[in-house]
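Asker: This is what each chain is made of:
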Amino acid sequence: MPVHSRTAAIVGVHNTRQARRLEGSTSRTLAVEAISGALDDAGLTLADIDGISAEDRGSALIHDLRLGPAWLGRQFGTGMVQEACAAVEHGLAEVVVVVAAQAAVYVDRSSTAPWTRPENEFVAPWGLFTAAEFALVARRHMEVYGTTREQLSMVAATIRTNGHHNPHAVYHGRGPFKPDDITASRPIADPFHLLDCAMTSEGGCALVVADAGRATSLRKRPIHVLGSGVDFFGPSYRHPPSWDLVGRDSRLPNGLVGRRASDLAFGQAGLTRADVDVLELYDPFSFEIIRQLEAFRFCPDGEGGAFVQDGHIEITGTHPVTTDGGLMSFSHAGSSPQMLQRVIRGVQQLRGEAGPLQVPDAHVALCSNGGAGALFSTVMLLGDERP
Amino acid sequence: MSIKLLPQYADLPHAVPGPLTAPFWAGCARGELLYQRCGRCAAATFPPAEHCRECLAVDQRWERGSGHGVLYSWTVVWRPVTPAFTPPYAPAIVTLDEGYQMVSNVIGADVDQLRLNLPLKVTFRAVGNELHLPYFEPADQLSNSTEVSS
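So the sequences go chain by chain: G and X. Everything in the first sequence is counted per my numbering, starting at 1 for the first residue and increasing by one. Everything in the second sequence is counted per my numbering, starting at 1001 for the first residue and increasing by one.
Derived by calculation from the structure, the hints in this document are not laboratory data. Fair warning: there could be bad hints in the mix.
What the hints assert, rightly or not - FRET-style restraints, in silico, Cβ to Cβ: (1) G:R109 <-> X:T1021: 30 to 40 Å; (2) X:R1115 <-> G:T316: 35 to 45 Å; (3) G:R28 <-> X:C1041: 43 to 53 Å; (4) X:D1059 <-> G:A47: 57 to 67 Å.
The C-beta atom is built at its ideal place from N, Cα and C for all residues, glycine as well.
Working from the sequences, and respecting the hints, build out all of it.
Answerer: Okay, structure coming up:
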């Protein structure tokens, strides 16, 4: 098929088992297991792959899985899927596997997880870590807009209850949760309590990206990437995570990071916010859901707290969010796995594979990564058909 | 119950300053809060950069700030990032009078005293073996930063 008529789609996904610890597993064994699972899901084999994206492990995997000559991706998180789609659509590769996995990395439990600890000289000596960085964004919003502790608890209780019902979640069966349960958990970094925060766990995941034109030879219906966008304000955890950090376009502060990205994604897809059936929002901390609902224009600025309080985001609501339990309850196996798992959950929802948490008639999913504590946001719109 | 926010005392994680950042830390050791100001357009830059973030001129000049600012946002950490830190401590973003923001901790205040736009002033503390850290305390408080080495 001529390159110009290609449209990339997600044709296979797989999560390995996720757990607080996976004894005997390494990041490599989980990555290979995830690749095999995603290929099986797609009905493809290793011989079909001619591209891989695996952060800094991609080149080694090309060698050790004998994939060469192959295209090599360099992005992280959802950016890996965006980059893989671009590679397929531009003819740089036919079938790309995107993979991330982590085990046996967070072993010193006296400190917070290693990926949360900044090393920068203008941050580290003041004891910041991811929870504190995101707390600085949340506190500013609470002071300026009156967002309440109760509203944060509504978010965390909703997402953790989703995880409670998800048989594949690390914290399956731990709930259901009421807002008071969140507020009663021990304080971590004000306003965040333990249950406002992502967990730490181990696991792997992979996706296969290929031309949708191959669909007839595939095992499952392809899920289309209808649009995507990327917003960065700078490197994470080196500069003050200020809501009001602006570039030369001073209309878009860091607190609204992702607004430009979401506008671009919806523009590419030819869709409106009302077309979205399920929001697989990135949930490193409870407040981040409120911020994204505003930044992505699902509710007016400053009204995200009231929006979640009205029940919109529950699994039966108008805007069901983070339906597998997310980073709080499903899994957080390091940087890229938990980001890619937002996209995988979107695919599961559009395929009708979300089990007890299936959103009825889900045709369009919005998936996101990042957040204002991290100074970046990525947005991806998935659809079960191309409009 | 009022809980007083204190400075840290143990050896803390910190990076070795490079050529671009060493003047800032040397200033801290003297009890001076330095920042860069562009020689061409006068924009303030922090953390330090080789060029002005406003006009891109490579004419960054170190100036001594007043050390006064206001509290832009804060958190109170109860689960420390590493065992080197003693909780509670209060990471904060401070908006300096000179027009830039920096990360620090608020000390010398009660946890309940933290509020938006609380006037603050810098105070330096020798922490661990070799670090002189700028902290911020409420501006209406008499400084007790007598332990600064000069």
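Asker: Just tell me: holds or violated, for the beta carbon distance of R1115 (chain X) and T316 (chain G) against 35 to 45 Å?
Answerer: Once the Cβ atoms are compared, 39 Å apart, the range 35 to 45 Å for T316 (chain G) and R1115 (chain X) holds.
Asker: Starting from the range 57 to 67 Å, see whether the pair D1059 (chain X) and A47 (chain G) falls in it by beta-carbon distance.
Answerer: At roughly 59 Å between Cβ atoms, A47 (chain G) and D1059 (chain X) fall inside 57 to 67 Å, so the hint holds.
Asker: Regarding R28 (chain G) and C1041 (chain X), is the given constraint of 43 to 53 Å on their beta-carbon distance met?
Answerer: holds, 51 Å
Asker: For the pair R109 (chain G) and T1021 (chain X), does the Cβ-Cβ distance stay inside 30 to 40 Å?
Answerer: Given a distance of about 32 Å, which is inside 30 to 40 Å, the answer is holds.
Violation of the numbered hints given earlier is absent; every hint is satisfied by the structure.
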